[in-house]
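Engineer: Protein chains in written order, with UniProt numbering: chain Y, 1 to 88; chain H, 1 to 88; chain U, 1 to 88; chain Z, 1 to 88; chain V, 1 to 88; chain R, 1 to 88; chain W, 1 to 88; chain C, 1 to 88; chain A, 1 to 88; chain F, 1 to 184.
Check each hint, because a few of them may be wrong.
So the derived list for chain A, only partly shown, Cβ under 10 Å to chain F, looks like this [stated by the list, open to error]:
1. G6
2. A8
3. G19
4. R55
5. T56
6. A61
7. I73
Just so you know, these hints were derived from the structure itself, not from any lab. Each residue gets a CB set at the ideal place from its N, CA and C atoms; glycine is no exception.
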Amino acid sequence: MEPITGRALVLAASAIGAGLAMIAGIGPGIGQGYAAGKGAEGVGRQPEAQGDIVRTMLLGAAVAETTGIYGLIVALILLFANPLIRLL
Amino acid sequence: MEPITGRALVLAASAIGAGLAMIAGIGPGIGQGYAAGKGAEGVGRQPEAQGDIVRTMLLGAAVAETTGIYGLIVALILLFANPLIRLL
Amino acid sequence: MEPITGRALVLAASAIGAGLAMIAGIGPGIGQGYAAGKGAEGVGRQPEAQGDIVRTMLLGAAVAETTGIYGLIVALILLFANPLIRLL
Amino acid sequence: MEPITGRALVLAASAIGAGLAMIAGIGPGIGQGYAAGKGAEGVGRQPEAQGDIVRTMLLGAAVAETTGIYGLIVALILLFANPLIRLL
Amino acid sequence: MEPITGRALVLAASAIGAGLAMIAGIGPGIGQGYAAGKGAEGVGRQPEAQGDIVRTMLLGAAVAETTGIYGLIVALILLFANPLIRLL
Amino acid sequence: MEPITGRALVLAASAIGAGLAMIAGIGPGIGQGYAAGKGAEGVGRQPEAQGDIVRTMLLGAAVAETTGIYGLIVALILLFANPLIRLL
Amino acid sequence: MEPITGRALVLAASAIGAGLAMIAGIGPGIGQGYAAGKGAEGVGRQPEAQGDIVRTMLLGAAVAETTGIYGLIVALILLFANPLIRLL
Amino acid sequence: MEPITGRALVLAASAIGAGLAMIAGIGPGIGQGYAAGKGAEGVGRQPEAQGDIVRTMLLGAAVAETTGIYGLIVALILLFANPLIRLL
Amino acid sequence: MEPITGRALVLAASAIGAGLAMIAGIGPGIGQGYAAGKGAEGVGRQPEAQGDIVRTMLLGAAVAETTGIYGLIVALILLFANPLIRLL
Amino acid sequence: MENTNFIMQFLEWLMSFDRKAVILAASAIGAGLAMIAGIGPGVGQGYAAGKGAEAVSYNPKSGRQATTVMLLGAAVAETSGILSLVIALILLFANPLVNLSGAAIVVSASAIGAGLSMIAGIGPGIGQGYAAGKGTEMVGKRPRLQSSIIRTMFLGQAVAQTTGIYAMIIALVLMFANPLIRLL
Ligand code: NA
Ligand code: NA
Ligand code: NA
Ligand code: NA
Ligand code: NA
Ligand code: NA
Ligand code: NA
Ligand code: NA
Ligand code: NA
Ligand code: NA
Chain Y
1 MEPITGRALV LAASAIGAGL AMIAGIGPGI GQGYAAGKGA EGVGRQPEAQ GDIVRTMLLG
61 AAVAETTGIY GLIVALILLF ANPLIRLL
Chain H
1 MEPITGRALV LAASAIGAGL AMIAGIGPGI GQGYAAGKGA EGVGRQPEAQ GDIVRTMLLG
61 AAVAETTGIY GLIVALILLF ANPLIRLL
Chain U
1 MEPITGRALV LAASAIGAGL AMIAGIGPGI GQGYAAGKGA EGVGRQPEAQ GDIVRTMLLG
61 AAVAETTGIY GLIVALILLF ANPLIRLL
Chain Z
1 MEPITGRALV LAASAIGAGL AMIAGIGPGI GQGYAAGKGA EGVGRQPEAQ GDIVRTMLLG
61 AAVAETTGIY GLIVALILLF ANPLIRLL
Chain V
1 MEPITGRALV LAASAIGAGL AMIAGIGPGI GQGYAAGKGA EGVGRQPEAQ GDIVRTMLLG
61 AAVAETTGIY GLIVALILLF ANPLIRLL
Chain R
1 MEPITGRALV LAASAIGAGL AMIAGIGPGI GQGYAAGKGA EGVGRQPEAQ GDIVRTMLLG
61 AAVAETTGIY GLIVALILLF ANPLIRLL
Chain W
1 MEPITGRALV LAASAIGAGL AMIAGIGPGI GQGYAAGKGA EGVGRQPEAQ GDIVRTMLLG
61 AAVAETTGIY GLIVALILLF ANPLIRLL
Chain C
1 MEPITGRALV LAASAIGAGL AMIAGIGPGI GQGYAAGKGA EGVGRQPEAQ GDIVRTMLLG
61 AAVAETTGIY GLIVALILLF ANPLIRLL
Chain A
1 MEPITGRALV LAASAIGAGL AMIAGIGPGI GQGYAAGKGA EGVGRQPEAQ GDIVRTMLLG
61 AAVAETTGIY GLIVALILLF ANPLIRLL
Chain F
1 MENTNFIMQF LEWLMSFDRK AVILAASAIG AGLAMIAGIG PGVGQGYAAG KGAEAVSYNP
61 KSGRQATTVM LLGAAVAETS GILSLVIALI LLFANPLVNL SGAAIVVSAS AIGAGLSMIA
121 GIGPGIGQGY AAGKGTEMVG KRPRLQSSII RTMFLGQAVA QTTGIYAMII ALVLMFANPL
181 IRLL
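Chain Y with its partners taken away, still in its complex shape (with noise of 0.2 Å):
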């Protein structure tokens, strides 16, 4: 009969907050998203800047990606080398 123990209720939180942290994923979403909208509608308007506009379309993507890695690390810490249980 184990019962309930801080560290079992450290790790149940740790769970319910990687999954919050990664709802920080909506963002990018939604802006990359609108990125690839924006470079489709350029790419047809001007064939012949295709890749000056699918690169800057990249390079925008990939800073608007920062703000999801930092949810998902912030999850697999919570996972994976949760820090809180060794402080109990």
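Please arrange chains H, U, Z, V, R, W, C, A and F with the ligands on chain Y, whose structure you already have, making use of the hints.
Structural biologist: The following block gives chains H, U, Z, V, R, W, C, A and F with the ligands in isolation, referenced to the frame of chain Y:
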């Protein structure tokens, strides 16, 4: 009368964390839909550039998918390869 | 007065997790609707390109559906093939 | 039989707080994606101004990143330099 | 056997409050990203007005940052200068 | 052995209430960023009207700031001049 | 040993309710910022109509403020003139 | 030693319900601000139609206010004329 | 010492459910405000069509109101004609 | 036996109630959550209304036709709001969960899960309303192309409905064919 164990608490929280992580999917859904609309608009205007437009749209949409995939991966980890219960 | 078992707690959390995962469906709904609007606009402007416009709209909408499907899959797993209760 | 301590409660709440703080990342993701789209559009229209466009886009995106970084910093403080447990 | 004290409860709530306060950062992220996109567009169209455009963009972005800073300050107060535990 | 008092519960809830109130800051951040973008666009198009444009932008942004300030005030009241604990 | 009373529970919930009510402030912040942007744009285009533009912008912004004020009033009632504790 | 009664639980939930109801105010704030921006734009373009524009803007804004008022009414009912405690 | 009854629990949850239902009001507020803005713009463009424009705006706004009304009805049912407590 | 564990204390407190009370309380919250879907149609139909007003101002002659398209498109955009209302009313007036056997906490969580699931309806509501607005705009501009514009609009709206349908299925499964209580 089997009491709630710490293991059960962590697994319960993992179910909720997995659900939360999927919410990230809102972003790619909106963004890629925007790209789809812009792609359809562009193809209507420059049918001769259809190939370039659709390719750019799909490239941009692939980039916009990533944070949705991150959310899915975190959810699948919580469900199928839960690293937290090993820390109990 | 029936006591809560660990199994019940995990299943209860799975029901809530399934509900949360479906919220991802907001994204494809908005995005595909945007594509629908742009498609209707394009068909009105270039009726001769209707086939190309609708095909691009549907292709883009299919891409935008994925994260909604991910949410559905995670919900179905939680409801019908719950892997968490096997870990109890 | 180890009960849940106050320390465990604070650490569990810190895991959830860290997850919540990451949600700020939605903003920069959307905003920078918008900038990426506008940058790609601009480069297609005025290829000769590509340098200026991309530089302005990146400068503006850097400004838009800050609140995402604030969220990350608060999450990392909660995870790695938790000041609250020192107050117990 | 140290039970959960009122002090621990207040500190745990402070961790969650700090995380919630950071969510304000969504706003400046979106807004400043919009300004970045409009700035990049403007610089492409009127390169001769680049100085004025960028200066206006940064001035407006500074104004848009404030509520993100408010959220950060409230979070830092909760974490580092918690006034609530003095009221216990 | 100091148990959780009503005072502690109210103060804990105040920490969460303060965090929630800051979420209002999303609004001014988005709105003022929009104004910044429109201001930068306008200054690029009509440099001769820069003074009027910037003044109108700042006036409108000041109006848009108010609800963010309301949120901050409510949070500071909860943290520094908590009227609820006097009602206990 | 003072246990948690019903009075304390109501006051704690009032703190959270006050924080939730402030979230309404997102709306006026976005809306008035949009008006600010449109006002700045209009003033740049028709400087001769500046008086009319700004007056209409401010009138519309005043209308848009109301729901933010409602939220503030409900929060202040909960904090300073709590009618619920009288019903205990 | 006054324990938490059912009455206290209902009143506490009413405080939270009142706060939640106010969140509806986000909508009118955004919508009316959009109307304000469009009104200001229109007045700048057709100053001779100012009366008609402003009247239409205010009529539309009045319609947009209703759901914010509904939220306020439900909150005030919960706070000042709570029908639920009579059902206890 | 009167313990909390099941009736009280249901009524407390009804207060929260009523508050949640009102959040639907965000939608009509945004949508009708958009219609108000477009109506004002249209009236400025063709003042001679004012009657038709306003009538279409109001008709569309009436359609957009319904889900706000649904939310209000569900809230009022929970508050004034609670069918759940009859099932107890 | 005094339990010092606050999670166990809370769960024991919850289970001290009549099982029906816990399920009905969760149903009240689930009904409230389901209504949040109403944000979608509100935004979307309002967009259509604005586009309708705009179309009338551009082409007063085709105004009536554009208004008809606005109403058609907006009717489709109402779907998720109606579905959510139905789920909420079932939870309130014909609650299938209250007489379900099995652990009360699972049945209660199912009511909340059903409500959460319906929130997905925000998406189709906004998206279909946008399509309605664009359809209205184009029919106002090119009334002769009404049939192909409307057909494209409806096709796109149908595609945009799917995630709302998925959500309703999950809600109905949780309410009427709950697979979780079989696992107890
Ligand atoms: Na970024
Ligand atoms: Na991505
Ligand atoms: Na996708
Ligand atoms: Na920033
Ligand atoms: Na600001
Ligand atoms: Na304001
Ligand atoms: Na208002
Ligand atoms: Na309304
Ligand atoms: Na409606
Ligand atoms: Na779909």
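Engineer: With reference to the structure, classify each hint as holding or not holding.
Structural biologist: The hints, checked one at a time:
1. G6: holds (3 Å)
2. A8: holds (9 Å)
3. G19: holds (7 Å)
4. R55: Constraint on R55 of chain A satisfied, holds at 8 Å.
5. T56: holds (4 Å)
6. A61: holds (5 Å)
7. I73: Because about 8 Å separates I73 of chain A from the closest Cβ in chain F, which is inside the 10 Å limit, the hint holds.
Checked against the numbered hints given earlier, the structure satisfies every one of them.
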